[in-house]
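**Student:** Line by line, the protein sequences are chains C and U.
Sequential numbering of the first sequence, starting at 0, is according to numbering that gives the first Met the number 0.
Sequential numbering of the second sequence, starting at 0, is according to numbering that gives the first Met the number 0.
Because the hints were derived from the structure by calculation, they are not lab data.
Don't be surprised by glycine CBs; every beta carbon is placed ideally from N, CA and C.
Treat each hint with caution, since some may be false.
Unchecked claim - Per label pair, the in silico range of CB-to-CB distance: (1) U:A8 to C:E177: 38 to 46 Å; (2) C:C180 to U:R104: 41 to 49 Å; (3) U:K35 to C:R82: 37 to 45 Å; (4) U:S3 to C:K85: 37 to 45 Å; (5) C:D96 to U:E28: 37 to 45 Å; (6) C:R82 to U:T58: 46 to 54 Å; (7) U:Q82 to C:R82: 27 to 35 Å; (8) U:L42 to C:C137: 32 to 40 Å; (9) U:K153 to C:M46: 44 to 52 Å; (10) C:M46 to U:K35: 34 to 42 Å.
Unchecked claim - As a list, the in silico PhoX-like pairs of lysine-lysine whose alpha-carbon atoms are at most 25 Å apart: (11) U:K143 to C:K81; (12) C:K126 to U:K153; (13) U:K146 to C:K81; (14) U:K35 to C:K85; (15) U:K146 to C:K126; (16) C:K81 to C:K189; (17) U:K153 to U:K93; (18) C:K153 to C:K20; (19) C:K85 to C:K98.
Stated by the list, open to error - Some chain C residues well away from chain U (every beta-carbon gap over 10 Å; in silico): (20) A51; (21) Y115; (22) N116.
Spelled out, the chains give:
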Amino acid sequence: MENLNSLTTNNQAVILTNLEKILNWARANSLWPLTFGTSCCAIEMMMATGSAHYDLSRFGAEVVRVSPRQADVLIVAGTIVKRMAKPLKMLFNQMMDPKYVIATGSCTISGGPFIYNSYTTIRGVDKLIPVDVYVPGCPPRPEALFWGILVLQKMILQNSLFKNKKTRYRPVLAALPEGICIEEIHNEMKNILKSKKYL
Amino acid sequence: MIISILKDAIYLKYGDFVLEKSEISLVKEVIIKQSKFLEFMQLVKDDKDLKFDILLDHTAVDYINENVFHLVYHLYSSIYNHQVIILVEVPRDKPVISTLCSIWRIAEWQEREVFDLFGILYNNHPDLRRIFLEDDWVGFPLRKNYKDNFMLEK
Numbered sequence: 000m001e002n003l004n005s006l007t008t009n010n011q012a013v014i015l016t017n018l019e020k021i022l023n024w025a026r027a028n029s030l031w032p033l034t035f036g037t038s039c040c041a042i043e044m045m046m047a048t049g050s051a052h053y054d055l056s057r058f059g060a061e062v063v064r065v066s067p068r069q070a071d072v073l074i075v076a077g078t079i080v081k082r083m084a085k086p087l088k089m090l091f092n093q094m095m096d097p098k099y100v101i102a103t104g105s106c107t108i109s110g111g112p113f114i115y116n117s118y119t120t121i122r123g124v125d126k127l128i129p130v131d132v133y134v135p136g137c138p139p140r141p142e143a144l145f146w147g148i149l150v151l152q153k154m155i156l157q158n159s160l161f162k163n164k165k166t167r168y169r170p171v172l173a174a175l176p177e178g179i180c181i182e183e184i185h186n187e188m189k190n191i192l193k194s195k196k197y198l
Numbered sequence: 000m001i002i003s004i005l006k007d008a009i010y011l012k013y014g015d016f017v018l019e020k021s022e023i024s025l026v027k028e029v030i031i032k033q034s035k036f037l038e039f040m041q042l043v044k045d046d047k048d049l050k051f052d053i054l055l056d057h058t059a060v061d062y063i064n065e066n067v068f069h070l071v072y073h074l075y076s077s078i079y080n081h082q083v084i085i086l087v088e089v090p091r092d093k094p095v096i097s098t099l100c101s102i103w104r105i106a107e108w109q110e111r112e113v114f115d116l117f118g119i120l121y122n123n124h125p126d127l128r129r130i131f132l133e134d135d136w137v138g139f140p141l142r143k144n145y146k147d148n149f150m151l152e153k
């Protein structure tokens, strides 16, 4: 065993890890989102995932999947009304395990401006499906969504999201702290991908 | 065409149909008597100087204090590129008006939407069903006095 450890420290060709860690590392760095947007939060999500400036594709979320069977993370972007609740539940159930849910924007978190006197808006998407990360904002900037994805990646790496398939840990509020710019988030994401700390 | 000139043209030609004339030049609305509504719409469409060939939009406004619905029709002429808003008042306790399906075919779905959300009833409509809400929905949500168990009131 000592021989092996010395091998890893001196020569970088071999990395010692366990299966759980390498699986989590792989999952955290290939979060494929599902195309699901119902209102203005979806525009910001498109900016985050599709545009060249923010470019989520560099960090593993390279394709926004049309089919729920190929997607890992469901970014619920926009107001969910009664009519949309059924398709949303169906999409979530069709996704493969492990699946993660990010709720972006005040409408998805609590109903937002439509809490009172609305005959159709669902007050919080967590009444329908279990949410892992909440990203507040109305709508959240792409930086805020990136921060939410970074938080989700760290949750996956620490194996704190799933003990097994059935157990879920408490969801996290991922509000963008003051003074964080997109470059810092990008660097942190690069660090997650390349650093051996997480393996 | 400038809206005040267009309005004056309508007042001059169809003065009998107009319920009240507004003097403010910026207001686009022309308020029409309910009894002569269908006749007026047909005349305005066929008029060679007005030619309102497109019904852009149809909606309603609930004035609960005056106990009336205002039915709002946006008319547009693709030939002369001018636009006007026609208003008709119907009482809240008996919201019945004749359909415009025979004049503009698009009115069929627009009237279904207004029926769905405001509960306006259209005479001679070919297919008056709900269009957005579920078929078993009770009540008309955009009325000011609408309430249900799901709604949180402030």
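**Student:** Hint by hint, note whether the structure agrees.
**Tutor:** Hints versus structure:
Remark: the range hint 38 to 46 Å for U:A8 to C:E177 is contradicted by a beta-carbon distance near 60 Å. For C:C180 and U:R104, the hinted distance range of 41 to 49 Å is not satisfied, since their beta carbons lie about 55 Å from each other. Restraint check, U:K35 to C:R82: a C-beta distance of roughly 39 Å satisfies the suggested window 37 to 45 Å. At roughly 50 Å, the beta carbons of U:S3 and C:K85 sit outside the given window of 37 to 45 Å.
Between C:D96 and U:E28 the C-beta distance comes to about 58 Å, which lies outside the given range of 37 to 45 Å. In this structure, C:R82 and U:T58 break the distance hint of 46 to 54 Å, their C-beta atoms being roughly 20 Å apart. Separation of U:Q82 from C:R82 is about 32 Å and conforms to the stated range, judged on CB atoms against 27 to 35 Å. Hint check: U:L42 to C:C137, Cβ distance near 48 Å, so the stated range 32 to 40 Å is violated.
With their beta carbons about 33 Å apart, U:K153 and C:M46 fall outside the hinted range of 44 to 52 Å. Range check, C:M46 to U:K35: about 53 Å between beta-carbon atoms, so the 34 to 42 Å window is missed. Taken as a hint, the U:K143 and C:K81 pair is honoured in the structure, with Cα atoms around 20 Å apart against an allowance of 25 Å. Only pairs whose Cα atoms come within 25 Å are accepted, and C:K126 paired with U:K153 is accepted, the gap being roughly 21 Å.
A threshold of 25 Å between alpha carbons decides the hint, and for U:K146 with C:K81 the separation of about 16 Å falls inside it, so the pair holds. Under the criterion of a C-alpha separation no larger than 25 Å, the hint pairing U:K35 with C:K85 is inconsistent with the structure, at around 45 Å. Note on U:K146 and C:K126: the hinted pairing holds, with a Cα-Cα distance of about 22 Å set against a maximum of 25 Å. About 40 Å separates the Cα atoms of C:K81 and C:K189, which puts this hinted pair outside 25 Å; it is violated.
The hinted pair formed by U:K153 and U:K93 fails the criterion: a straight-line CA distance of about 29 Å is larger than 25 Å. The hinted pair formed by C:K153 and C:K20 meets the criterion: a straight-line CA distance of about 12 Å does not exceed 25 Å. As the CA atoms of C:K85 and C:K98 are separated by approximately 18 Å, the hinted pair is consistent with the 25 Å bound. Every Cβ of chain U is farther than 10 Å from the Cβ of C:A51; the closest lies at roughly 38 Å, confirming the non-interface assignment.
For C:Y115, the non-interface assignment is contradicted: its Cβ lies about 4 Å from the closest Cβ of chain U, within the 10 Å cut-off. With 10 Å as the threshold on Cβ separation, the claim that C:N116 sits away from chain U is violated: the shortest Cβ distance comes to roughly 6 Å.
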